[in-house]
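Start from chain V and add chain Y according to the hints.
Protein chains: 2
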Amino acid sequence: MSAACRNGAARSCARIGGLGSATSHPAASCRRWQARRASPREAGVARGRCAAVLKGNPVGSPSLSLDLDKVRDALIRMEDSIIFAIIERSQFLRNDKVYEPGAIPVPGYNLKTGDQQSMVEYILRQTEQMHGMIRRYTSPDEHAFFPEDLPSLVLPPIEYPSLLHPHAEGININDQVRALYFEELLPRICEEGDDGNYGSSALCDITLLQALSKRIHYGKYVAESKYKASPDTYDPLIRAKDEAGIMNLLTVESVERRVVRRVRNKACVFGQDIQDVMGTISLAQEDIEQAESKVEPEKVAKLYNDWIMPLNKQVQLEYLLHRLD
Amino acid sequence: MSAACRNGAARSCARIGGLGSATSHPAASCRRWQARRASPREAGVARGRCAAVLKGNPVGSPSLSLDLDKVRDALIRMEDSIIFAIIERSQFLRNDKVYEPGAIPVPGYNLKTGDQQSMVEYILRQTEQMHGMIRRYTSPDEHAFFPEDLPSLVLPPIEYPSLLHPHAEGININDQVRALYFEELLPRICEEGDDGNYGSSALCDITLLQALSKRIHYGKYVAESKYKASPDTYDPLIRAKDEAGIMNLLTVESVERRVVRRVRNKACVFGQDIQDVMGTISLAQEDIEQAESKVEPEKVAKLYNDWIMPLNKQVQLEYLLHRLD
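Line by line, the protein sequences give chains V and Y.
Read the first sequence against this note's numbering and you will find it ends at 329, with the numbers running on by one and no gaps.
Read the second sequence against this note's numbering and you will find it ends at 329, with the numbers running on by one and no gaps.
In isolation and in its complexed conformation, chain V is listed as follows (with noise of 0.2 Å):
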């Protein structure tokens, strides 16, 4: 990663909980925090083989920057860990209950109709609630699936930079998001069925769910990054409140393809089941159709052209129609 990647990441998002500048002891830290009782035996042997080197290229979550090669990193790291997810949740069966109010008794109910929760959105609560109280929700790419029911913060309110125009803030598709996710992805990468794993696949599904809507919505940076890039292209559209024609503007065939190929590639690479001698994995079309993965690439491709890519260009769009106001 370049030094200029990293740093737009570390700009963006303390998003959980950046204090800025204050003195740090980490070594103090770690040692307070860790062993209280002896490592193996192995220690001595182990510690000083490794130094701490990597390799590649880690990209931070989305950072707050506009610059177009970083929103474009960030979108493609973002990937890994929707299928990273996926394959997660794809280990358990369907588990109906998990998503049905009333199967599971959980503690919570439904002010206005009196309807007991299911057991994936009582959890769902809760994790916003602990997540919303360390600052999770005040950073501008992250939205809660609850933003009505936020509770107060813990810690000290962190200021963003204003990189998007205020109407952003307004922007919250997760009641779409949700729907796609409970109609038509989960029933395409879990087996039908019961397994009572109905915590874990509550835990995985809300992973997907954060995952999924961090995705989406950064569509706000893609178009904003887009429209400082070329305003006059789109002021006249967005003043004619001409949605196909900046529908127009914001797709490039060629590189959704692209995507699309990627993502592919990834959920067959991901989801295959790694042996202890094997020579190479092969990524040609004949040889994923054969394979065995995890999950089916073909089926997280399209359900990334179908569902995710348009209800991302949808933010955009929503974002751009009141970029003049």
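FYI, nobody ran anything at the bench for these hints, they're computed from the structure.
Mixed in with the good hints, there may be bad ones.
Claimed, not checked - Keeping only pairs whose Cα atoms sit at most 16 Å apart, straight-line, the calculated EDC-like set for lysine to aspartate or glutamate is:
{"no.": "1", "chain 1": "Y", "residue 1": "K232", "chain 2": "Y", "residue 2": "D71"}
{"no.": "2", "chain 1": "Y", "residue 1": "K317", "chain 2": "Y", "residue 2": "D236"}
{"no.": "3", "chain 1": "V", "residue 1": "K116", "chain 2": "V", "residue 2": "D153"}
{"no.": "4", "chain 1": "Y", "residue 1": "K116", "chain 2": "Y", "residue 2": "D71"}
{"no.": "5", "chain 1": "Y", "residue 1": "K306", "chain 2": "V", "residue 2": "D280"}
{"no.": "6", "chain 1": "V", "residue 1": "K306", "chain 2": "Y", "residue 2": "D280"}
Just so we're clear, the structure is a prediction, and the values are computed from it rather than from any experiment.
This is chain Y only, laid out in the frame that chain V set:
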């Protein structure tokens, strides 16, 4: 996956909340918790395109079965979760402030010492409160990091089949898991520095800590299944409290070497930057050494070899030493 295996997973791990055979109305449930707004335009096109068919052999999370094949499948599946979680954490810098008591003003203090908790301790405690309420730690293959502080259940308890010797319940080496994580693992998987992603880093830490804890404590099932396969070999050693003798029986170097090679391959494959067009991924030694990866495969393999497997064997030893009590 064989029917038997899926079955094992099913029996097992209602772990954070199986409820047995309560009546379920999945369709109703799904609709209730879904779309409150229209889905994307592509809905009509997408719907019905992909049937819910899965290839491959998804393995449920560690079953409570003692069948050796199922134990092995569960251990292999846990490797994937651990490596995914390592890759997720490695996208952020080290962020030492997260681990330093007082560096981030979380509202959590040690009752005895008066010390403020570190951010990661605070969030881990909060997470265990939430997961504890929904029965996570009533499952015999889950182990809390703060078992003395678990909350009351908000759901009726589940009775698990007792496959292990009662002594198993008292074995919890999460203090050592924590030490392994903060002293050995974190410094090797993250670049030094501070990118401000404190909350995100802590959430990744917790996912990874939980995955490591599950893998390491699964030694209880490994030990019981080995014991069941040849009690006559173990009994005299157990009676003599012959730790070295037991450890010798538990250690099959050829198997351990295979695990380490497989983990190396997984870290290599899952850590790759996958492109939209690529032919094959090579797992030959010299290619792995050249490849750019989000984590260093040899390092992850070494962590497995030097730390994760030894701690797992320590659990096995502790379990077996009291197998005849």
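Handout entry: Hints not upheld, ascending by number
Key = Failing hints, ascending: 2 and 4.
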